[in-house]
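The whole structure should be built from the sequences, with the hints applied where relevant.
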Amino acid sequence: MMSSNDAIQFQKERIKVNESSITKYIDIQDVHQAFATPKGEFLALKDINLSVQKGQFVTLIGHSGCGKSTLLNLIAGLTTPTQGSLLCANKEITGPGPERAVVFQNHSLLPWLSCYENVYLAVERVFGPSGAVVGRAAESKSSLKERTLAALEMVGLSHAAFKRPGEISGGMKQRVGIARALSMEPQVLLLDEPFGALDALTRAKLQDELLQIVAKTQSTVVMVTHDVDEAVLLSDVIVMMTNGPAATIGETLHVNLKRPRSRMDSAQDSSYLAYRSAVIDFLYNRQSHVEKNH
Amino acid sequence: MVSATFHSTSNTKPEISSGDPQAARLAMNTLRLKRARQQAFFLNWVTPVIGFGLLILIWYGVALKSAGAFPSPIETFKQALDIFSDPFYSHGPNDQGIGWNIYSSLKRVALGFGLAALVGIPAGFLIGRFQWASHMFNPLISLLRPVSPLAWLPIGLLVFKGANPAAIWTIFICSIWPMIINTAVGVQRVPSDYMNVARVLNLSEWKIMTKILFPAVLPYMLTGVRLSVGTAWLVIVAAEMLTGGVGIGFWVWDEWNNLNVKNIIVAIFVIGLVGLVLEALLIRLASAFTFDDVKQ
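Protein chains in written order, with the numbering used here: chain S, 1 to 294; chain Z, 1001 to 1296.
Misleading hints may appear alongside valid ones.
Distance windows between CB atoms, simulated [said to hold, decoys possible]:
| hint | chain 1 | residue 1 | chain 2 | residue 2 | range |
| --- | --- | --- | --- | --- | --- |
| 1 | S | G170 | Z | I1155 | 33 to 39 Å |
| 2 | S | D208 | Z | R1037 | 47 to 53 Å |
| 3 | S | K205 | Z | V1046 | 49 to 55 Å |
| 4 | S | G166 | Z | L1150 | 41 to 47 Å |
| 5 | S | Q218 | Z | I1283 | 51 to 57 Å |
Hints were generated in silico from the structure; no laboratory data involved.
Bear in mind the structure is a predicted one, so any value in this text is a computation, not a measurement.
Glycine included, each C-beta is placed from N, C-alpha and C at the ideal position.
What follows is the structure, given as structure tokens:
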């Protein structure tokens, strides 16, 4: 439980988020998302209002089925909202685009291509002759190759570049997925429970790597997770979602821990623990999960 | 090997209590391994041989009972040796070696099947990828697929005015369905993750086709190809019986007219063997192009 001092601190920070939202980079306004099901319309998301600043690391946390992945898919442009609008850099999001790269939970590498070819596919699309980026000249083959190798090196996989996904471990596959996303030099990196399928040790290692990579590339990140520690360790802002159906943003928590953060130091840091218990309080006391049959 | 000697000297189930317990456990394990190997050998080699033996035994019984009308296995084997001693002779169009007959049949199958693949696989992609195409063609496929291939033969004869093209046409029409259907199912079953990758990367339709759809569909397609070749090989015999010319099917019919039952039995084995080889080749091809699923 938080002390009253901490609570005041949270209040202040929430105000700060509102003030800084003038420089919002991703802007989600009054978004509703409903799906047609055989049993009628299913309202997944309701009244979503959220803004993300450039360079911010935002996590969406909530129980399974609360629509956090739905929200991420909306930002990715894979689905369009039933109501409301989503803006990225003051432009309406109408579909997927290379400026918003996605890392999927199950990495989604193409099993018939080597790691190198999987990344190259993305690099070629963004920087190659059929480049999606307007106003940029197509780069040479050798330059595309260099970009691909650099992306693989960033995730420490140069040695496995010419292996197929079936030949490497789950953690390595997920790293290739991250390399593929980063290779596109996206303005926003969208991560859908990227470490959810990994064992605890691999997950911790990849979280640390992601911290370093994001610090280096200064990316804006929106990440879906259900792991409280992951959220507190990585985020600037934790967006806590209420249970579905008709899920919405319950609370926004600004994590004001200094960077670079380390797992070891955080474990003993009192404000880290306060943030952690705030999230846990939200998830387990106020939004305790009930299995529903919908 | 300590365990081996232990096992061979005792030659019975070793008792744990007597002597070194670890050696005893080792001996038990070797014994178990040996038993498992014997079992596998028995299942893989001995039982199939028994199966063939049973067939030959029944055949022999039937031959004895028919008193000469039905050839015995030994007579048939001798005849087979005779046939295969000169498989590639040619005494005019109606009397050719079995090699030429098989070759002509395979050529027809290859032509008909090749044309079917050329039409069927793209059609399958179309039907799998676009909903309007599947709605347009699925009822037609459902209607035409159950029709016996031989029912198409008169249409072929009418349209192409020749026995050989009519036979190829029959092969074409019977081998096209499995390829269309399997390819379409493959396209529809491409994991949505892959298609999401394509959407996020904003890949061109050409790239989606070559880098995602085609490799993902390939295993399904090859299943279709395998079924098609199997059907084509089934149908060619019947089609050739009706159309005549050179070919294994016609050969069977010809030998029936000559009342040469030995040759018919040889032909049955040959047809089976060729079918088996075709199937084995295509299974090998399919497994070479099947990638382990990403979700593990």
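We went through each hint and held it up to the structure:
no. : hint                              : result
1   : G170(S) with I1155(Z): 33 to 39 Å : 56 Å, violated
2   : D208(S) with R1037(Z): 47 to 53 Å : 49 Å, holds
3   : K205(S) with V1046(Z): 49 to 55 Å : 53 Å, holds
4   : G166(S) with L1150(Z): 41 to 47 Å : 45 Å, holds
5   : Q218(S) with I1283(Z): 51 to 57 Å : 53 Å, holds
In terms of the numbered hints stated before, the structure departs from hint 1 and from no other.
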